[in-house]
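Taken in sequence, the protein lines are chains E and Z.
Under the working numbering, the first sequence is numbered contiguously, ending at residue 207.
Under the working numbering, the second sequence is numbered contiguously, ending at residue 207.
These aren't lab readings, by the way, just hints derived from the structure by calculation.
There could be a bad hint or two in this list.
Put simply, identical chains are the same to the list, so a pair is met inside one copy or across any two.
To be verified - When the alpha-carbon atoms are kept at most 30 angstroms apart in a straight line, the in silico DSSO-like pairs for lysine-lysine are as follows:
#1 K88 x K111
#2 K58 x K140
#3 K140 x K82
The primary structure of each chain is shown beneath.
Number of protein chains: 2
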Amino acid sequence: MRITSLDEYGLRCLLAIAVKGPGAQLSIPEIAEMEGLSESYVGKLLSLLKKGKLINAVRGRAGGFSLARSTDKITLLEAVTTLGGPLLDADHCSRYTGLLEKCVHFECCSVRYILGGLAESVAEFLSQTTLKDIIEADDLNNEDWQEGISRTNKLLPEKNRVKQTGFRV
Amino acid sequence: MRITSLDEYGLRCLLAIAVKGPGAQLSIPEIAEMEGLSESYVGKLLSLLKKGKLINAVRGRAGGFSLARSTDKITLLEAVTTLGGPLLDADHCSRYTGLLEKCVHFECCSVRYILGGLAESVAEFLSQTTLKDIIEADDLNNEDWQEGISRTNKLLPEKNRVKQTGFRV
DNA sequence: ATAAAACTTTACAATAAAGTATTGTTTTCC
DNA sequence: GGAAAACAATACTTTATTGTAAAGTTTTAT
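Sequences and hints are given; from them, build the entire structure.
Structure (structure tokens):
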């Protein structure tokens, strides 16, 4: 399981616009400067977000991007879905068929069952947070994010835990 | 966010051994045949699982792989972690720095905060299911997995929902 | 009008992931 | 002892993802 670049950078661009305030507009060069990304890449990311109807674009010299809806009407689930596509795709089972035409577990599949549940769980989590929630969070708990490992890590058996740093899933 | 091939195929190989019963042994050619995968690929997947101490290997003519522990002692979190690595890596923030040496949000980052929470949530979910749980599940609910979309999909605003099929996150 | 500034689209290059092939080592059976 | 069968390690090919570049369109200021 992986978080993709599109998720990471796309969320950052979306939040950059959201943080600016209601109705605010930001241009590609501005966002690229703020986020330390190339203008080409920001343009690509924003075109995805636009296609997903999360932002509106104004062309021309005074152009830029603004949120299509207020921050409390945009959930992380929409953002992540728009950017990286589905976690578990509709054609998941026809993608992972191995050497055969059809997956050997097509009729009854415990992996599919589990991954389906996981996808729902993740969707549930992401749908409960809006851009507004993120922006308004008083304490982003960034001091101990490196220690966040401990919380997640404790779920693993001792010898499998990551010693150095970071979250592990 | 994506589920990787390693997750999908690796879990299938692990379950193939687990399903066989306590102490049972399976060879690479056997698993490859059962799962419809190449022997090379199965070998690679099993070597990962072995490195993660989830299975034991016996070399030689009567060789094969067996579970390192009983099915109720192996969680999905361990399996997925072993196979695909961490969802949110320790060096996440140093990987996504854009054009700069250091991410502009390094000091205080709302995306990191949210993704950290998501990683914990996923870890929580995966750690609660063992191989035993999967094997023993009476009804794997496979009849309506295509309809599973509805449950997840309902969390998205109407116009953004996937019409065709599948889970969407 | 014309140039500048900004979005749009698509093609391309670089990188990473996925999967295969090869070669080698260990064990068993004859 | 030698062949067969299996695991082990690694290099290699293919494919997908990332990120960049370039050419085009729209709007505004002068």
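Structure-inconsistent hints, enumerated in ascending order: The structure breaks none of the hints.
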